[in-house]
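Peer 1: Chains B and D, in that order, are what the protein sequence lines are. To convert, note that position 246 of the first sequence is 246 in this note's numbering; the numbers rise steadily by one, no gaps. To convert, note that position 230 of the second sequence is 230 in this note's numbering; the numbers rise steadily by one, no gaps.
Just so you know, nobody snuck in bad clues.
With a Cα cut of at most 20 angstroms, we get these calculated DMTMM-like pairs of lysine to aspartate or glutamate:
| hint | chain 1 | residue 1 | chain 2 | residue 2 |
| --- | --- | --- | --- | --- |
| 1 | B | Lys-185 | B | Glu-204 |
| 2 | D | Lys-98 | D | Glu-156 |
| 3 | D | Lys-53 | D | Asp-245 |
| 4 | D | Lys-166 | B | Glu-12 |
| 5 | D | Lys-98 | D | Asp-108 |
| 6 | D | Lys-98 | B | Glu-12 |
| 7 | D | Lys-53 | D | Asp-244 |
| 8 | D | Lys-166 | B | Asp-11 |
Honestly, the hints are just simulated from the structure, not real lab data. Model, not experiment: these values are computed from the prediction.
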Amino acid sequence: MARPRFNVRPDELVFRVGTGAFAVFLIAGVLAIGVELYRQSRLSLHEFGWQFWQTDVWDPVAGQFGARPFIWGTLYSSILAIAISTPIALGIAIYISELAPSWLRAPLVFLTELLAAIPSIVYGLWGVFVLVPFVRQLEVATPAWLKSVPLFSGPPLGIGMLSAALILAIMVIPFSSSVAREVLKAVPQAQREGAYALGATRWEAIRMALFYARTGIVGAVMLGFGRALGETMAVTMVIGNNPQISWSLFAPQYTMSAVIANEFAEATDNLHLHALIEIGLVLFVITLIINGISRTFIWSMGRQRGPRVRATPRLKAAA
Amino acid sequence: MWNSYRRILSHVVMGLCGLSVLVALVPLALILFYVLTQGLTSLNWAFIFDMPKPVGEPGGGMANAIVGSLYVVGIGAIFAIPVGILSGVYAAEYAGTKLAGAVRFAADTLNGVPSIVIGVFAYGIAVLPFRQFSAMAGGVALGIMMIPLIMRTTEELLRLVPGSLKEGALALGATRARAVFTVVLPAALPGIMTGILLALARISGETAPLLFTAFNNQYFSTDLRQPISTLTVQVYTYAISPYDDWHRQAWAGALVLVAIVLTCSLLARAATTRMERMRRGA
Numbered sequence: 001m002a003r004p005r006f007n008v009r010p011d012e013l014v015f016r017v018g019t020g021a022f023a024v025f026l027i028a029g030v031l032a033i034g035v036e037l038y039r040q041s042r043l044s045l046h047e048f049g050w051q052f053w054q055t056d057v058w059d060p061v062a063g064q065f066g067a068r069p070f071i072w073g074t075l076y077s078s079i080l081a082i083a084i085s086t087p088i089a090l091g092i093a094i095y096i097s098e099l100a101p102s103w104l105r106a107p108l109v110f111l112t113e114l115l116a117a118i119p120s121i122v123y124g125l126w127g128v129f130v131l132v133p134f135v136r137q138l139e140v141a142t143p144a145w146l147k148s149v150p151l152f153s154g155p156p157l158g159i160g161m162l163s164a165a166l167i168l169a170i171m172v173i174p175f176s177s178s179v180a181r182e183v184l185k186a187v188p189q190a191q192r193e194g195a196y197a198l199g200a201t202r203w204e205a206i207r208m209a210l211f212y213a214r215t216g217i218v219g220a221v222m223l224g225f226g227r228a229l230g231e232t233m234a235v236t237m238v239i240g241n242n243p244q245i246s247w248s249l250f251a252p253q254y255t256m257s258a259v260i261a262n263e264f265a266e267a268t269d270n271l272h273l274h275a276l277i278e279i280g281l282v283l284f285v286i287t288l289i290i291n292g293i294s295r296t297f298i299w300s301m302g303r304q305r306g307p308r309v310r311a312t313p314r315l316k317a318a319a
Numbered sequence: 001m002w003n004s005y006r007r008i009l010s011h012v013v014m015g016l017c018g019l020s021v022l023v024a025l026v027p028l029a030l031i032l033f034y035v036l037t038q039g040l041t042s043l044n045w046a047f048i049f050d051m052p053k054p055v056g057e058p059g060g061g062m063a064n065a066i067v068g069s070l071y072v073v074g075i076g077a078i079f080a081i082p083v084g085i086l087s088g089v090y091a092a093e094y095a096g097t098k099l100a101g102a103v104r105f106a107a108d109t110l111n112g113v114p115s116i117v118i119g120v121f122a123y124g125i126a127v128l129p130f131r132q133f134s135a136m137a138g139g140v141a142l143g144i145m146m147i148p149l150i151m152r153t154t155e156e157l158l159r160l161v162p163g164s165l166k167e168g169a170l171a172l173g174a175t176r177a178r179a180v181f182t183v184v185l186p187a188a189l190p191g192i193m194t195g196i197l198l199a200l201a202r203i204s205g206e207t208a209p210l211l212f213t214a215f216n217n218q219y220f221s222t223d224l225r226q227p228i229s230t231l232t233v234q235v236y237t238y239a240i241s242p243y244d245d246w247h248r249q250a251w252a253g254a255l256v257l258v259a260i261v262l263t264c265s266l267l268a269r270a271a272t273t274r275m276e277r278m279r280r281g282a
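If we strip away everything but chain B, and leave its shape as in the complex, we get (with noise of 0.2 angstroms):
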C-alpha cells in the first residue's frame, strides 16, 4: 500500500489517522496490560524475587508467599487436559475433514463448536452437581492394587485433579479440533491422490497428510494448552483449592488462575493484593509465549502452498 507521498489528500489522512488512532489504541491497550501487571506486583516481585516460585507455603495472614503450588497445578493440569483431549479434538478433526458425509459436516462442525460456547460458569456448574460425584465413585471403585501408584493415591473426595483435567479437556476440545480441522483442509488434495496412486488405505492416505500438517498440528494442540492455562471459573469449582504439590490425580490441588478468583477481591493488604497479580503478570506471560509459539506454528503451515490457515481458531458459534 505505499504510495508517494505527494498523492497523500487531506481527507484521506484524516481518514487514515483516524482509524489509525484505534488501531494504534488497541496495540497500546495491549502493552498497558503488561506494564499495569508489573506496576501493581512491584511489591510482590521485590520482595520475593525468585523465591516466589521456588516455595510451597502460601499463608498471607503470616505475609508468606510461596507459588509453586499454583504454577504446578496450572501445569498439571493443563497437560493432562491436553493429553485427554489431542487424541479426541485430532479424530473429530480427521472424522469432519476426511470422513463424513458432506450433508453431517456443518452439523457437526456446529455442535462441536458449541462446546466452546457454553460458559465456562456452566462447565462449573455441571462439574461440581454432575462431574464430581461421578468421578467420586470412580475413585472410589479404584481397585486397592492401583491405590499403591501414586498417581491414584489419596482419598477418594470427587473434587480434585482428575475433575478438573476433565472438564479441561472437554472445554479445550472445540479449540484444538477447529484449528486442526483448518490445517488439514490445507493439505493439498495431491497430497492424499498420489497416496491413494501409490495404493495406500485411506489410514495410510490421512497420515500422510497429517504428517504433511504436522506443524500445523503441533500449534492446534499448543493452542488448546494456552486456552487451558487461562480456564479460570470450571477449575476453580472442582479441583478443590488446596495449594499442595502431588502427583496424585485424586488429590485436591490449586491453580493460579483460581488462586487469584478466589482471594483477589478478599485481599486487604498491598503485599497480598501484589503477590497475588504477580501470580497474573506470570500467567499472562507464559499465555503470551504459547500463543506465540503456537500461531507461529500455524501461520508456518499457512506459508506452504494451500489455502491460507487462519492462526486464531474460526469459532462460528463461539465467536
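With chain B fixed as given, assemble chain D onto it according to the hints.
Peer 2: Just chain D, lined up with the frame of chain B:
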C-alpha cells in the same frame, strides 16, 4: 496377510475417529440435558422479576442480576464496538502496512489473554484509582474482551466485499472515507452485526473478569459507580453455597445463560448461511 492387516488397521482408526466425535458430543448432550432439566424446575416468572430472598426463605429470583448483566455487557459494547470496528476498518483498508500487521497481532494476542488476567488489569485501571468496585469497571473488563472479536470480524468481512464496489465509489469521485463508510461498510454490515451478536453472547457468559471489578450487590442497582450484581457471578455465588434452594437458583441462572448463548449462535448461524447463499447466488 500384511495387506489385510493394513485394511483392518485403516478401518479401526476410521472407527476411532468416528468414536471421538461421539465422545465429545456426550458431555455436550449431558451438560445441555442437566441444565435444561435442573433449570426448568426452578425457572419461573419470579426468577426473572423478583429480588433474591435471604437464605431459608424459598423463592426469590435474580431480577437485579439480570438487569446488572445487561448493564455491564452494554457498557462493554459501548466501549468495544467503535474501537473494534474502526481498527478493523484500518486493518482491512491498509492491509499491507506495518501498523495493520501490528494491530492484527495485538488483537490475536488479546484474544488469547486469560479472562482472569483481563479482570486483574481492569481492577488496576478502573477499580484501584477510585477505590471502589463498580459496574463501570466490569464493563471495561468485558469491553476489552470484546474488542479483538469485533475487530477481526470487521476486518474479514470488509475484505469479502468485492473490490469493484469500492472502486465504483472512488470512480464517482468519493473520497476514501466516504467510499468505506457509505458503500463498503454497509455492504458488510449484516455480517458485522452477526459478529457483534456472537461477541455479546460470548461476553455475557464471562464470570472471572467480573469477580473483582463489578463485584456483586445484593440490592437492585443501576448506579455505574457502585458494585453491581451480574447473572454469572450470582450463579457462581449460589453454586458454591451450601444451600439447596440456592443451587436450584444457580441451575435456573445457568439455563438463562445457555439459552442466551444458544439463541445467539443459532441466529448467527442462520444469518451466515443466508449470506453465503446470497454470495454464491450473486
